[in-house]
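Engineer: Top line first, the protein sequences correspond to chains A and B. The first sequence maps to residues 0 to 275 in numbering that gives the first Met the number 0. The second sequence maps to residues 0 to 304 in numbering that gives the first Met the number 0.
Certain hints may be false.
Subject to a maximum C-alpha distance of 35 Å in a straight line, what follows is the list of computed DSBU-like cross-link-like pairs (lysine-lysine) [what the hints assert, rightly or not]:
(1) B/K81 / B/K201
(2) A/K118 / B/K81
(3) B/K125 / B/K81
(4) A/K118 / B/K125
(5) B/K201 / A/K118
Hints listed in this document are in silico derivations from the structure and should not be mistaken for laboratory results.
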Amino acid sequence: MTGATIARTGPDHRAAFRAATVGDVLRSEWTKLRSVRSTFWALAATVVLGVGLGAVISAAAAHGYAKSSVSGKLSWDPTAVSLAGMGIATLAIAVLGVLCISSEYSSGMIRTSLIAVPKRGRVLAAKSLVFAVVTFVVGEATSFTAFFVGQALISGHAPHAALGDPGVARAVVGAGLALTALAVLSVATGALLRHPAAAIASLIAVLFVLPGIAQALPDSWRNPVTEFWPTLAGGDLTNVHHAAHTLQPWPGFGVMCLFVAIVYAIAWTLLDRRDA
Amino acid sequence: MIEARGLVKRYGATMAVNDLSFSIRPGLVTGFLGPNGAGKTTTMRMILGLDAPTQGSVTVDGRSYRDLPAPMREVGALLDAKAVHGGRRARDHLLCLARSNGIPRSRVAEVLRTVGLEDVARRRAKGFSLGMSQRLGIASALLGDPAVLIFDEPINGLDPDGIHWVRTLMRTLAAEGRTVLVSSHLMSEMALTADHLLVIGKGRLIADTSVDEFVRSSSQQSVHVRSPQAAGLAALCREAGATVDAGTDPDVIEITGMDSAEVGRLAAAHGITLSELIPVRASLEEAFMELTRDSVEYQAAGATR
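Assemble the whole structure, with the sequences as input and the hints as a guide.
Structural biologist: Put into structure tokens, the structure is as follows:
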């Protein structure tokens with residue numbers, strides 16, 4: 000055991016050090032994210048699901064193309080087919096986004112974090128930004144890889160798409176952007192609900208369960224609901240062809256971003272006010 | 000310097016902290032003492048900006064915690080040793096905290112050495128014993144080399160060697176001129192570590208005093224006497240105004256209200272032979288229990304004495 004000595008001399012302070020900055024908190028959150036194994040596994044799952052599932056679906060759909068109906072051929076969208084895995088990959092990002100803040104609540108680490116950074120908004124902002132950037136990079140890489148792998152598997156069996164075709168590049172970039180918006184939503188939901196299970200369940204409800212239930216509604220109800228449902232509207236950015244009862248790509252993404260901003264604002268306010 | 004003025008924290012109908020005012024001065028180890036549930040942790044959480052006071056205010060070197068420009072360089076805190084992400088390596092845990100306040104990376108290795116954890120720096124925190132977690136928590140408190148240190152029950156889970164180490168560390172930190180606040184529910188521990196005491200019970204301040212003063216003022220003294228003429232001495236002492244308790248042994252009496260010198264003189268004046276004359280001082284633990292008896296939140300049936 001080492002003796003009880005402090006390396007530097009005592010406390011004649013405040014002039015002797017600089018104030019902590021937002022940049023410091025960003026570096027801290029980056030260190031947090033990269034130093035737990037769940038980050039690696041969730042990002043690996045995102046890539047594997049996005050690319051792998053997309054490849055499987057592309058191969059299967061391409062082989063079925065010849066035998067499909069006329070209406071099936073008319074609605075054939077090779078870009079959407081190759082990006083089909085991205086929808087499931089969102090789950091990995093949602094779980095990781097929730098965990099990167101709610102695991103701090105379940106372990107108690109949040110108290111340590113807020114003692115280190117008592118300006119609480121900075122913690123949430125830095126966490127969201129770092130995770131959004133990581134998701135953006137991984138999301139775009141996954142989306143582009145899935146697109147190229149998918150098109151390679153489709154070509155020769157069915158009409159395939161190229162990045163230069165109208166709307167295709169926007170759709171491929173959009174898949175990464177939609178994932179990024181979801182990343183921020185996940186962090187905000189985790190901060191808002193604080194319990195990992197509650198936050199993940201809520202996100203699954205918003206992403207998959209409620210849109211599924213909406214499908215059972217009569218058309219007159221279903222169409223406006225699915226048109227403006229934030230996570231579905233966000234997905235409109237990945238549509239090459241405009242479908243009936245969906246928003247245009249960018250307005251759709253705007254609805255998602257607005258929803259994320261509202262949840263984030265509530266999370267921010269409560270984080271600031273609640274006892275930690 | 001930590002200063003609290005009229006600090007109140009209410010959770011629904013429960014008054015966790017009730018009108019607490021105190022100043023904790025630099026250069027001393029201040030023991031924050033009280034039974035479980037007295038409000039020690041709540042008070043520390045308010046000092047650290049985790050809980051907002053219902054009323055009143057608390058400042059660190061003149062500023063409220065949330066307004067400190069680089070909190071870890073001014074205040075180091077250990078609240079809950081297990082409040083660590085179990086999947087993170089000890090070194091990375093400290094690095095995350097260092098980064099957040101712009102503390103150089105080299106400090107991480109320094110504090111790991113100080114607390115004796117350099118060999119497990121690369122181990123994930125979930126495998127740590129409570130004692131190792133306490134050391135990691137102390138390391139994080141020391142990271143910013145702060146002038147104010149706050150430790151909530153730091154010796155929980157430590158072995159005797161570790162307890163001795165913490166005690167020495169607290170004394171050293173105070174001797175360097177720092178403000179050191181240590182909570183405990185063990186009076187005996189505080190008697191060895193602290194210079195000054197803040198005693199609270201049921202959220203209220205019961206005593207704000209030096210350790211010596213506390214012991215002197217709150218412990219009852221008595222004198223234990225063995226004498227073949229005990230009965231005669233007992234009568235003389237009662238005449239002199241003291242209270243005398245006789246035990247089962249007819250030769251032994253316990254006298255309160257006179258000190259040993261007075262009893263000795265009285266015995267000599269009347270030619271009484273004494274075979275034992277022992278001043279008995281109530282233990283610190285007893286003094287503490289005496290003081291907080293009315294404010295213990297949970298009491299076992301029949302535990303009142």
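Engineer: If a hint holds in the structure, say so; if it does not, say that too.
Structural biologist: Do the hints match the structure? See the list:
| no. | hint | in the structure |
| --- | --- | --- |
| 1 | B/K81 / B/K201 | holds (26 Å) |
| 2 | A/K118 / B/K81 | holds (23 Å) |
| 3 | B/K125 / B/K81 | holds (9 Å) |
| 4 | A/K118 / B/K125 | holds (28 Å) |
| 5 | B/K201 / A/K118 | holds (31 Å) |
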